[in-house]
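*Asks:* What follows is the residue order along each chain.
2 protein chains.
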Amino acid sequence: MTSDSRDQAPSPTTSPSSDFRRQGHALVDWIADYFDHVESFPVLARVKPGEIAAALPDHAPEEPEPFEAVMADFERILVPGLTHWNHPGFLAYFPITGSAPGALAEFLSAALNQQAMLWRTSPAATELESVALGWLRRLIGLPDAFEGVIYDTASVGTLHALTAAREATAADVRAKGWLARTDVPGARVYCSDQAHSSVDKAMITMGLGLDSLCKIPTDERFRMRVDLLADAIERDRRAGLLPLAVVATVGTTSTTSVDPVPDIAAVCEQEHVWLHVDAAYGGAAAMLPSHAGVLAGADRADSVIVNPHKWLFTPFDLSAFYSRRMDVIRSAFALTPDYLRTQEAGDVRNLMDTGIQLGRRFRSLKLWMILRWFGARTMRARIAEHIRLAQLVASWIDAHKDFERLAPVPLSVVCFRWNPAQGGLSDAELDAANAELMNLVNSTGEIYVSHTNLRGRLSLRVAIGHLDTAERHVRRAWDLLTLHAAALR
Amino acid sequence: MTSDSRDQAPSPTTSPSSDFRRQGHALVDWIADYFDHVESFPVLARVKPGEIAAALPDHAPEEPEPFEAVMADFERILVPGLTHWNHPGFLAYFPITGSAPGALAEFLSAALNQQAMLWRTSPAATELESVALGWLRRLIGLPDAFEGVIYDTASVGTLHALTAAREATAADVRAKGWLARTDVPGARVYCSDQAHSSVDKAMITMGLGLDSLCKIPTDERFRMRVDLLADAIERDRRAGLLPLAVVATVGTTSTTSVDPVPDIAAVCEQEHVWLHVDAAYGGAAAMLPSHAGVLAGADRADSVIVNPHKWLFTPFDLSAFYSRRMDVIRSAFALTPDYLRTQEAGDVRNLMDTGIQLGRRFRSLKLWMILRWFGARTMRARIAEHIRLAQLVASWIDAHKDFERLAPVPLSVVCFRWNPAQGGLSDAELDAANAELMNLVNSTGEIYVSHTNLRGRLSLRVAIGHLDTAERHVRRAWDLLTLHAAALR
Numbered sequence: 001m002t003s004d005s006r007d008q009a010p011s012p013t014t015s016p017s018s019d020f021r022r023q024g025h026a027l028v029d030w031i032a033d034y035f036d037h038v039e040s041f042p043v044l045a046r047v048k049p050g051e052i053a054a055a056l057p058d059h060a061p062e063e064p065e066p067f068e069a070v071m072a073d074f075e076r077i078l079v080p081g082l083t084h085w086n087h088p089g090f091l092a093y094f095p096i097t098g099s100a101p102g103a104l105a106e107f108l109s110a111a112l113n114q115q116a117m118l119w120r121t122s123p124a125a126t127e128l129e130s131v132a133l134g135w136l137r138r139l140i141g142l143p144d145a146f147e148g149v150i151y152d153t154a155s156v157g158t159l160h161a162l163t164a165a166r167e168a169t170a171a172d173v174r175a176k177g178w179l180a181r182t183d184v185p186g187a188r189v190y191c192s193d194q195a196h197s198s199v200d201k202a203m204i205t206m207g208l209g210l211d212s213l214c215k216i217p218t219d220e221r222f223r224m225r226v227d228l229l230a231d232a233i234e235r236d237r238r239a240g241l242l243p244l245a246v247v248a249t250v251g252t253t254s255t256t257s258v259d260p261v262p263d264i265a266a267v268c269e270q271e272h273v274w275l276h277v278d279a280a281y282g283g284a285a286a287m288l289p290s291h292a293g294v295l296a297g298a299d300r301a302d303s304v305i306v307n308p309h310k311w312l313f314t315p316f317d318l319s320a321f322y323s324r325r326m327d328v329i330r331s332a333f334a335l336t337p338d339y340l341r342t343q344e345a346g347d348v349r350n351l352m353d354t355g356i357q358l359g360r361r362f363r364s365l366k367l368w369m370i371l372r373w374f375g376a377r378t379m380r381a382r383i384a385e386h387i388r389l390a391q392l393v394a395s396w397i398d399a400h401k402d403f404e405r406l407a408p409v410p411l412s413v414v415c416f417r418w419n420p421a422q423g424g425l426s427d428a429e430l431d432a433a434n435a436e437l438m439n440l441v442n443s444t445g446e447i448y449v450s451h452t453n454l455r456g457r458l459s460l461r462v463a464i465g466h467l468d469t470a471e472r473h474v475r476r477a478w479d480l481l482t483l484h485a486a487a488l489r
Numbered sequence: 001m002t003s004d005s006r007d008q009a010p011s012p013t014t015s016p017s018s019d020f021r022r023q024g025h026a027l028v029d030w031i032a033d034y035f036d037h038v039e040s041f042p043v044l045a046r047v048k049p050g051e052i053a054a055a056l057p058d059h060a061p062e063e064p065e066p067f068e069a070v071m072a073d074f075e076r077i078l079v080p081g082l083t084h085w086n087h088p089g090f091l092a093y094f095p096i097t098g099s100a101p102g103a104l105a106e107f108l109s110a111a112l113n114q115q116a117m118l119w120r121t122s123p124a125a126t127e128l129e130s131v132a133l134g135w136l137r138r139l140i141g142l143p144d145a146f147e148g149v150i151y152d153t154a155s156v157g158t159l160h161a162l163t164a165a166r167e168a169t170a171a172d173v174r175a176k177g178w179l180a181r182t183d184v185p186g187a188r189v190y191c192s193d194q195a196h197s198s199v200d201k202a203m204i205t206m207g208l209g210l211d212s213l214c215k216i217p218t219d220e221r222f223r224m225r226v227d228l229l230a231d232a233i234e235r236d237r238r239a240g241l242l243p244l245a246v247v248a249t250v251g252t253t254s255t256t257s258v259d260p261v262p263d264i265a266a267v268c269e270q271e272h273v274w275l276h277v278d279a280a281y282g283g284a285a286a287m288l289p290s291h292a293g294v295l296a297g298a299d300r301a302d303s304v305i306v307n308p309h310k311w312l313f314t315p316f317d318l319s320a321f322y323s324r325r326m327d328v329i330r331s332a333f334a335l336t337p338d339y340l341r342t343q344e345a346g347d348v349r350n351l352m353d354t355g356i357q358l359g360r361r362f363r364s365l366k367l368w369m370i371l372r373w374f375g376a377r378t379m380r381a382r383i384a385e386h387i388r389l390a391q392l393v394a395s396w397i398d399a400h401k402d403f404e405r406l407a408p409v410p411l412s413v414v415c416f417r418w419n420p421a422q423g424g425l426s427d428a429e430l431d432a433a434n435a436e437l438m439n440l441v442n443s444t445g446e447i448y449v450s451h452t453n454l455r456g457r458l459s460l461r462v463a464i465g466h467l468d469t470a471e472r473h474v475r476r477a478w479d480l481l482t483l484h485a486a487a488l489r
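Those sequence lines, one after another, are chains Z and Y. First residue of the first sequence? That's 1 in the working numbering, and the numbers climb one at a time after it. First residue of the second sequence? That's 1 in the working numbering, and the numbers climb one at a time after it.
By construction, these hints were calculated from the structure, which means they are not laboratory data. Bear in mind the structure is a predicted one, so any value in this text is a computation, not a measurement. All C-beta atoms in this analysis are idealised placements derived from N, C-alpha and C, irrespective of residue type, glycine included. Some clues are possibly wrong.
Taking beta-carbon pairs under 8 Å as the criterion, some of the chain Z residues facing chain Y (in silico) [stated by the list, open to error]:
| hint | residue |
| --- | --- |
| 1 | Arg-137 |
| 2 | Gly-141 |
| 3 | Ala-145 |
| 4 | Leu-159 |
| 5 | Val-173 |
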């Protein structure tokens with residue numbers, strides 16, 4: 001083999017750019033067309049399980065293939081298996097947006113392939129991360145005392161928050177672990193019964209165990225009962241258990257309820273317990289003067305998560321983690337093997353010190369480009385519009401005799417069910433009918449709504465968050481729901 | 001605010017594609033030019049700490065800005081702060097490549113914005129992940145019994161492996177955690193003294209504690225001493241401690257030494273201890289018939305990691321995690337909240353069940369496109385060439401009276417130091433001189449080499465792994481090293 005063996009392939013390297021240039025331009029046109037015509041696709045994929053895999057060969061090709069052939073297979077085999085998260089009729093879960101500036105930034109980021117484990121391995125990615133997170137922090141009104149770091153997901157952020165809480169409570173845990181402790185029969189973490197499953201997964205990962213997660217009941221608006229939180233902590237202290245942290249949620253996954261963070265913060269301050277605020281979805285609303293209150297009390301938290309990849313038009317993944325006590329995160333995680341020691345140590349922030357992952361992508365590039373592309377005013381306007389549309393849907397539900405709303409609508413998600421005025425259906429029958437209604441409207445391909453379970457009842461969920469979701473989309477969703485509901489009778 | 005407030009911005013949505021199309025084409029040309037001219041940049045950034053951040057405003061703009069202005073600032077402010085990982089003179093750490101097909105795939109992935117937490121939320125991403133990981137698995141010779149999943153990084157993969165090992169050893173740990181256990185005074189994980197710091201970070205995260213990580217000494221070739229591993233396990237069993245897992249490394253970070261996995265597997269089988277093989281870097285070499293032996297014994301492991309984002313020309317991040325016991329990973333992590341229950345449950349693989357992160361990016365798209373773009377033969381040829389170049393560098397070092405090699409070169413990394421033949425320098429003086437030599441050659445901007453510490457001596461490291469690194473780059477590196485070494489005298 002010679003050193004120019006790479007020349008045998010059509011375009012095996014990054015350097016000979018003629019092929020790349022041609023293919024890149026073709027891809028820009030494909031993506032532009034996709035953005036233009038995304039509404040021509042069914043939102044929810046219609047393939048059967050196993051269909052995609054069966055259409056693909058078992059082995060990688062031995063010889064290079066033209067990019068055109070790869071794109072042709074992509075279109076023929078993979079596109080039918082896409083659920084179009086970038087479709088404005090996507091009203092399920094929490095809608096997200098692969099925005100134009102976000103896609104451009106990810107393209108550039110992949111080409112630069114920065115790996116910002118150390119400051120010196122990417123000063124630009126390291127410092128832009130601080131700057132872009134500072135911009136976002138100011139937009140949502142968190143104080144300067146909060147330092148930020150980007151993780152991939154809120155699941156990983158919550159895991160770091162709870163690890164820091166443990167570090168803050170038991171300084172020897174990094175070296176000694178938990179198992180050897182005989183002074184404490186158990187530790188406790190608290191969240192509401194509406195908190196995200198990532199809290200449970202953090203408990204598993206950390207070896208604290210699911211039984212050590214105390215799920216505090218919620219009030220009639222699905223908000224944590226702070227009186228019951230205080231009771232639980234007091235009871236656990238009496239039992240000799242060690243309260244580590246409280247996770248408060250700003251925008252729960254089912255109903256977007258907002259926990260009473262100021263009251264929770266008061267309990268945490270009194271009890272010296274780490275307060276983590278999971279505002280992964282709801283935090284974005286704090287950009288609006290009308291909704292700044294959703295983050296009230298978060299300034300007293302130890303850590304706060306807001307996900308630009310949820311309601312801030314940033315392609316997945318980018319979760320912003322803020323903490324007033326990043327030194328504790330560093331105490332827990334900083335480890336510098338010999339091969340990563342640098343002469344700048346002490347003068348710079350090395351992102352590897354703020355967590356589990358050594359490698360760090362240049363994610364800040366997309367946040368920076370998106371904030372500049374849209375400007376704060378446009379982003380606020382879109383979020384406000386989403387909230388307005390959710391209120392509109394809620395008003396239609398409230399005015400319809402055969403539908404009932406199952407939760408308040410503090411942000412941009414509406415929970416409701418079909419429940420015909422003439423009555424006579426059991427909750428089990430209503431659950432089955434609503435599941436059928438969901439499948440009927442989803443099978444139209446025009447919209448995609450999801451469901452949850454609220455106090456034992458199946459609830460449909462209309463969630464508004466995609467950049468391009470406009471009034472016509474939610475009107476159409478409502479038309480489809482009422483049309484298919486009428487056919488249920 | 002009206003529903004068309006978005007029209008006030010130049011291109012605030014994903015839909016109006018005229019701006020996106022124009023900007024996308026401009027970006028393709030920028031990236032193509034970058035690929036063509038990357039060698040015109042200094043590899044290692046020359047900015048001072050804080051310089052980038054100081055050049056950027058404190059606040060996000062209120063109004064939208066043209067993408068051209070953003071790109072202008074990117075070029076003016078950020079490009080000087082890039083360390084060019086995509087430069088073929090990047091010979092530090094483990095070089096990586098933001099290849100043309102990888103960048104194109106990430107662009108497409110960001111535009112599609114798939115979030116494959118559930119099969120139904122992206123059948124294409126879910127099934128392509130299995131298919132592309134199957135392709136890679138066959139290329140590196142792992143048996144069919146290994147199921148794959150993509151994580152962001154090997155750090156996260158190792159954390160999952162050790163969590164699974166714990167789950168396999170103590171079935172009630174998911175619910176009960178570790179703290180409440182009184183039957184076991186402590187648990188133990190084993191790795192060599194050359195293993196990656198991510199093992200330490202997993203110990204911290206899991207609450208096992210760094211003291212529970214037993215670092216087994218290595219032989220003169222930096223490979224785990226299996227006799228000492230067996231001794232340690234036996235000693236720990238006698239002390240009532242619970243051996244959970246052994247982490248063997250195929251391609252350690254300092255010297256790319258390869259632990260004797262077949263012998264380690266025999267110990268693990270006898271002791272019923274989980275064997276995790278960290279082949280993040282070295283696993284790629286198993287694609288070559290001449291180097292298939294690097295993964296010998298890995299077929300007997302419980303889990304294996306190979307990072308396409310290291311030596312397989314895939315933009316960061318994409319770590320392939322394989323396990324013969326993915327059911328244990330699922331036992332540890334599967335949690336289905338109400339809002340994520342689907343009718344396909346049981347018939348499909350939902351990626352959220354295989355780990356901590358709920359959200360999953362469409363990473364398989366780049367792996368699939370890269371394998372097809374290059375074909376297996378080209379990828380093997382590049383890896384073989386990198387190994388040949390490393391041997392060449394080693395031969396130059398071995399032939400030079402003033403340099404000494406400090407470790408064997410099993411793969412594509414060479415560890416060595418300047419140590420003049422006339423002698424008379426202490427190890428401390430040699431360390432200082434070699435650090436100076438490293439800074440001198442790095443300050444040329446033509447190459448970037450890093451260092452490590454081997455048996456207490458500072459070692460320079462030349463690592464070859466970028467797709468475009470050719471003989472001329474390593475020849476130039478050697479010329480610069482000898483040139484500047486001569487000036488040290």
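*Asks:* Could you work out which of the previously given hints the structure breaks and list their numbers from low to high?
*Replies:* 1, 2, 3
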